[in-house]
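Asker: Each chain is listed here by its residues.
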Amino acid sequence: MAILATILGSSQPRRLLGRPEARERVASRLPWVLGFMGLWAGFIFIRLIHLQIVEHKRYQIRAEHQHTVEVPIPPVRGELLDRRGESLAISLKSESLFCTPQTFYPDYKVEKGEERSWGNPDVKAANEVAVKLAGILDIPKRVILERLLTKKPFVWIERQLGPSKATAVRALEDESLGLLPESSRHYPRGSLACQILGFTNIDGKGQLGIEQAYDEELSGVQGTLIAPRDAKGHLLILQENYAKVPVNGMSMQLTIDATIQHIVEDALEEGVRLSHPQTAYAVVVDPNTGEILAMAGTPTFNPNHILPAKFMNRPMSDLNPAERAELKAEQERQKFARKVHPVEDAYEPGSTMKIFTAAIALEERKVHLGEKIDCGPGRWNFGNNITVTDTHHHGVLTFEEILTQSSNIGAAKLGLRVDPADHYRYLRAFGFGESSGLNFPGETSGRLIAPDRWSFPTQITFSYGYGLSTSPLQILMAGCAVANGGKLMRPYMVKDIYNDQGKLLKETKPLLRKQVISEETSALMREVLKGVITSGTGKKAKLEGVDAIGKTGTARKLINGQYDLHRHYASFMGFFPADKPQYGMIFMLDDPQGDVTGGDVAAPLFKKIGDAIWRYRQNSSSVDQTPDLKLSLRDWPSSESDEAVVHVERGRVPELKGLALKTAIQRIVMSGGIPEVEGRPNGNMATRVVSQSPEPGVALDAKRVVKISVGGQ
Amino acid sequence: MTPDVRRPIDRQMLFFSFLLMAVGMVWIYSSSAMKGNYGHEAATAFFVRQFIAGVIGVSLMLALSQVELGTIRDNPRVLQVLYVLTVILLMGVFFFPKVNNAHRWIRLFGQSVQPSEFFKPLSVLIVSWWMVRYADAWDERQNSIPKLLILFGILLLPLGLVLREPDFGTTFLILFVSMVLIFLGGAPRWIFAVVGPVLIAVGAAFVWFEPYRRARVLSFLNPEADPLGKGHQALQSLIAVGNGGLFGVGVGASMQKLHYLPEAHTDFIYAVIGEETGLIGTVLVLALFVGILFRGYRVARMVRDSYLKLCAMGLTLLLVVQALMNMSVVLSIAPNKGIPLPFISYGGTSLIISLICLGLLLSISKEAGA
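Quick note, the sequences are listed as chains E and H, same order. For the first sequence, this note's numbering assigns the number 1 to the initial residue and increments by one for each residue that follows. For the second sequence, this note's numbering assigns the number 1 to the initial residue and increments by one for each residue that follows.
Possibly wrong hints are sitting among the right ones.
Cross-link-like lysine-lysine pairs, in silico, DSS-like; alpha carbons within 30 Å at most [claimed, not checked]:
(1) K506(E) to K580(E)
(2) K657(E) to K707(E)
(3) K539(E) to K372(E)
(4) K124(E) to K337(H)
(5) K530(E) to K366(E)
(6) K337(H) to K57(E)
(7) K132(E) to K35(H)
(8) K514(E) to K366(E)
(9) K580(E) to K557(E)
(10) K580(E) to K540(E)
(11) K35(H) to K57(E)
(12) K580(E) to K530(E)
It is worth saying that the hints were derived from the structure and are not from the lab.
Please put together the full structure from these sequences, using the hints given.
Answerer: Right, dumping it as structure tokens:
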């Protein structure tokens, strides 16, 4: 301060300078300046009042308009679970990458109306972005570049990125790119029950099976969130302010038992290996309720990867001829694999049909047990040059033996004892020629012509299974009616429907379609059919530890209007335990090679499945479980902040203890494993993983199964 | 040192200024926290820098409030030295790279300094000195014109450099305050009848032939014409102020500061205050500046010495005119000139210079009514 004082020369004596006139002039002009400044300030004051009071509403609306953005909140697609609560299809949150290509067109202009002029692209800038993206997405740079420069206002670059990729893309902070939340479908059990479950396309629409049949219920309703955002478009979501609340899809518990389904699929594979049929398929139901416990066919596909990874993101033009052929073959195979044979195929059932001929004759009192019927020398001409043949020269057979030895002639004679109108009425009552009532896409009703259109031999051929067609499921349900006391049940696959809060919305109850035959007739038929396995054509179907009943079927295939002598449907329909059936099954091989009869090729596989199911049943509690079905967006780890990005390493068992069940499942799926949940989720939100096997950090083994136990907290 | 027998400083002016500075600290934090985040800095980065500048400024203010400005009148060597130094600094800016398309800053040891700010108080001291020194001349027509031309020449060199940066706002401010001082200092009235229109014409031409200035003025006249382009700032500023209403959206709750308003923490901080505190806040800030104006006016009236009278009014005007200019821009009464709000806007040099002006004013206030 002293220095300053020295510089400014404060030591000099002060004296008054300036003449008085000058001072007065300054004083007289000062108010002018003050007045001017006062006016200015006053003007600002008026302007403030105008803006903040008078015009306030207008600017408020404007501010709100630009500060908020309506964010579509996609609903989470409902889960599909098996009857014991195991997840068969779950939805995980993912994000899809899109691009706004006009950022790469410096001369882009909006002309009048819908017209757009694009001009020349800035290839260099686009190339830079493409190079960066190619590194993250594993897509060739050329393909990305092409998408970036598409002359459209909005282009998808890659759908359904995993969290780590999405985070990497977000880190680029590129203006031309954006991420939209979507959910991606995962099938924890891979190809298991693929044809029943179906799959969803990239837009989340159900394409096959349950996913298609119940698409509306599963998909839910998209919501809208009003979110504040800054000028750079970052969202600042501090509270949930919905313009429209999203409704998550409903979850469905199926009647399918994943374990039985697995048993069946294994057996089918074995059947394919042994007899090389075109296809093999099987259905297992609960005969008393009509619940479908398993339904499968070969070949299968993996709904998690509809296309093999090597064809992903590669245009047709990019493939060499060999790969193109491979892709085509794969697409053909998939098309074939997506056919749900047990409900879509109508076939002539052949010998299996004799059960119904016998049951009708018995119910109508046209025959009694032990009655002897002459089946002749294995060849019977019943007029008009139409003959029925048997495989053996049976001679005189009892009623029971007609079924156990599967005599066509015997069945024809039984059939002819019944009045044609009654015969037809009974067949309709068994459900032939009519939809089974299962809500499943592509289901066939089979074909059963009315008596007024019958020709002379129609009733005879009907008696041993030709001239009418049925789907395997249809005939199985009819067989159940014979075995369960005469009740034709409606088959069903969706047991319970829950909303996203876990509240039961709809429960499917077993539906009796018709009492077809009496309890007594049914009991008699069960006795008779025991003989098929103990002494007849179905000896190879004998189960261990439990008695079964059943009927073999070997039907010639009708090819171009001619029955082919060498091509067959080999089938076995059976039920166990014999006295009070709890499982009903049909097993079919379409055009097996080598042995062709149902007794030789289908019966052993029935045994394989039946034994396994019986063992499984003895060893586990049969209580069906109600799982934790609560779904909410927040339950799923969000892709951005999810620590799983850091923790989950592919091929290694992740640390799961203490996590919520859903998070745990997601991490297992992310690590490449197959989650298997033990213990019963108790249905409230606080379901946590209490133990896991294998231990965290261990490499996944070939089966890739990671078991977790959950319990309440 | 002889004991200081003068009156105490003007405490009300000091109070108003410190209140404004406190308001500034709050809203610099409020409007820059987000920006700090995006720039990967702490949310308090801008606040801390401003606070340090405030501490330096207040020390300088305290020191300067103790000097006796009257001595300069007899000893203009100080002014000459400062003038030369400032001109050298103003030339120096052209050796530093452009920031925001202008050579306004000198960067030394990581600190940015804006030399054009230094010239603001200096111009007041120089013009006042000149007007008092040649007070005799103003009544004689032959004598007054050369004297004014020389003064104009003295101002032209630094002002030309400032304009060259380019910094039209500061140039306008200094020119405006200088004109008022020339008027107050006793220059004949007819001069203003001539010089006023000429300056306006020159200014208009100057604006018209520089595309970016022309764009600013045009966008000011019709901000809605191009809401996403040139009119963007003006419109966003109005939305902020208008959205505030009577009571505002609440301190810290401004949405417009989230990059809708460019320069939310500097030139448009008044808009953020308007949005967050509404009419109450905007009028309070306006009232504080009007308060400074009245206290400065009172000092100018009370002080006996005509040099100090001119200095007091000049320094007051520097602060208040700049504030009103800034508010006019925020409220779209005037085209955007890129001028900060004294005591409030972020900017170390600006705050320190405002405090220096305040210090000098306080030192003059000690003479008031003596």
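Asker: For every hint, state whether the structure bears it out.
Answerer: Hint check results:
1. K506(E) to K580(E): holds (29 Å)
2. K657(E) to K707(E): This hinted pair holds, its Cα atoms lying about 11 Å apart.
3. K539(E) to K372(E): holds (23 Å)
4. K124(E) to K337(H): violated (37 Å)
5. K530(E) to K366(E): holds (21 Å)
6. K337(H) to K57(E): Roughly 28 Å between the alpha carbons, so the hint for K337(H) and K57(E) holds.
7. K132(E) to K35(H): The hint holds at about 27 Å.
8. K514(E) to K366(E): holds (22 Å)
9. K580(E) to K557(E): Cα-Cα ~34 Å, so violated.
10. K580(E) to K540(E): holds (21 Å)
11. K35(H) to K57(E): holds (28 Å)
12. K580(E) to K530(E): Given that 30 Å is the threshold and the Cα spacing comes to 12 Å, the pair holds.
When held up to the earlier numbered hints, the structure conflicts with 4 and 9 and fits the remainder.
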